[in-house]
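Novice: For the record, in the sequence shown the residue sitting at position 136 is 136 according to UniProt numbering, with numbers rising by one throughout.
Because the hints were derived from the structure by calculation, they are not lab data.
Remember, it's a predicted structure, so these values are computed and weren't measured experimentally.
Treat each hint with caution, since some may be false.
To be verified - Restraint ranges, calculated between C-beta atoms of paired labels, are given here:
#1 G105 <-> E7: 41 to 49 Å
#2 A166 <-> D27: 41 to 49 Å
#3 T83 <-> W25: 44 to 52 Å
As the list claims (entries may be wrong) - Using 16 Å as the maximum straight-line C-alpha spacing, the simulated EDC-like pairs for lysine to aspartate or glutamate come out as follows:
#4 K175 <-> E145
#5 K175 <-> E203
#6 K175 <-> E136
Don't be surprised by glycine CBs; every beta carbon is placed ideally from N, CA and C.
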Amino acid sequence: MLVEQNEMFTAVAPNITPAGHVGDWSDAEFARAIREGIRPDGSVIGPPMPIVLYRGLSDDDVMSIVMYMRTVAPVESDLPESTYNIPLPPAWGPPVASVAHPEEGVTAEYGGYLAGPVAHCLECHTTFGEQGPMYETHLGAGGYEFHGPWGVSVAANITSGEDGIAAYSDEDLAKMITTGTRPDGSRMMPPMPYGHYANMTEEDVQAIILYLRSLPALPDPQ
1 MLVEQNEMFT AVAPNITPAG HVGDWSDAEF ARAIREGIRP DGSVIGPPMP
51 IVLYRGLSDD DVMSIVMYMR TVAPVESDLP ESTYNIPLPP AWGPPVASVA
101 HPEEGVTAEY GGYLAGPVAH CLECHTTFGE QGPMYETHLG AGGYEFHGPW
151 GVSVAANITS GEDGIAAYSD EDLAKMITTG TRPDGSRMMP PMPYGHYANM
201 TEEDVQAIIL YLRSLPALPD PQ
């Protein structure tokens, strides 16, 4: 599937069923590809896969993902390779040795893990610069435009301030995250994966909301 096409790259989602290349990879190789963006042959996986966030996946969670993918029904496909008009780095960071699983609970800390490495809310809702999301200065400020068959949707500001989520109750936010429905009943546009988020536990949703409330207030990007 064509994921994104722009001046910098044309990204095509590869076949990750057992019928694809991953079927020949070991579990450790598969986990490294997810968390470090390095294939077994040493080549680097390019954007928009959010490797910077996936590096924070715990050992337990990344191996659970690998185990799940092994159970997916094999699907044969003939897909083109992604192409990049920009140089890719030799690596997205140092090797990931081990990441402990965070303590689960309705806490901002656990919500940050869910909103980051797991659901990568912060990938889409952080303002983009020339090098990608500007996590250090614009975390959660939104502004990125998504072009698709639905038209153009703009990532919302999800920081704690007036331009962000301050006007919404926790119940409002939970409904928006899991159903894509605003308090006034209007529908939100893709590509936010409401169908997947609907499967989160109530506790996990509340943890994410606690984390979003903790984000420093930032204005909408100009």
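Novice: Quickly compare the C-alpha distance for K175 and E136 to 16 Å and report which way the hint goes.
Specialist: 29 Å, violated
Novice: For the pair supplied as a hint, K175 and E145, is the alpha-carbon distance within the 16 Å limit?
Specialist: 23 Å, violated
Novice: For the pair G105 and E7, does the Cβ-Cβ distance stay inside 41 to 49 Å?
Specialist: 44 Å, holds
Novice: Regarding the pair K175 and E203, is the alpha-carbon distance no greater than 16 Å?
Specialist: 14 Å, holds
Novice: CB of T83 to CB of W25, is that within 44 to 52 Å?
Specialist: 22 Å, violated
Novice: Tell me if the beta carbons of A166 and D27 are separated by a distance inside 41 to 49 Å.
Specialist: 44 Å, holds
Hints 3, 4 and 6 from the earlier list are contradicted by this structure; the remaining hints agree with it.
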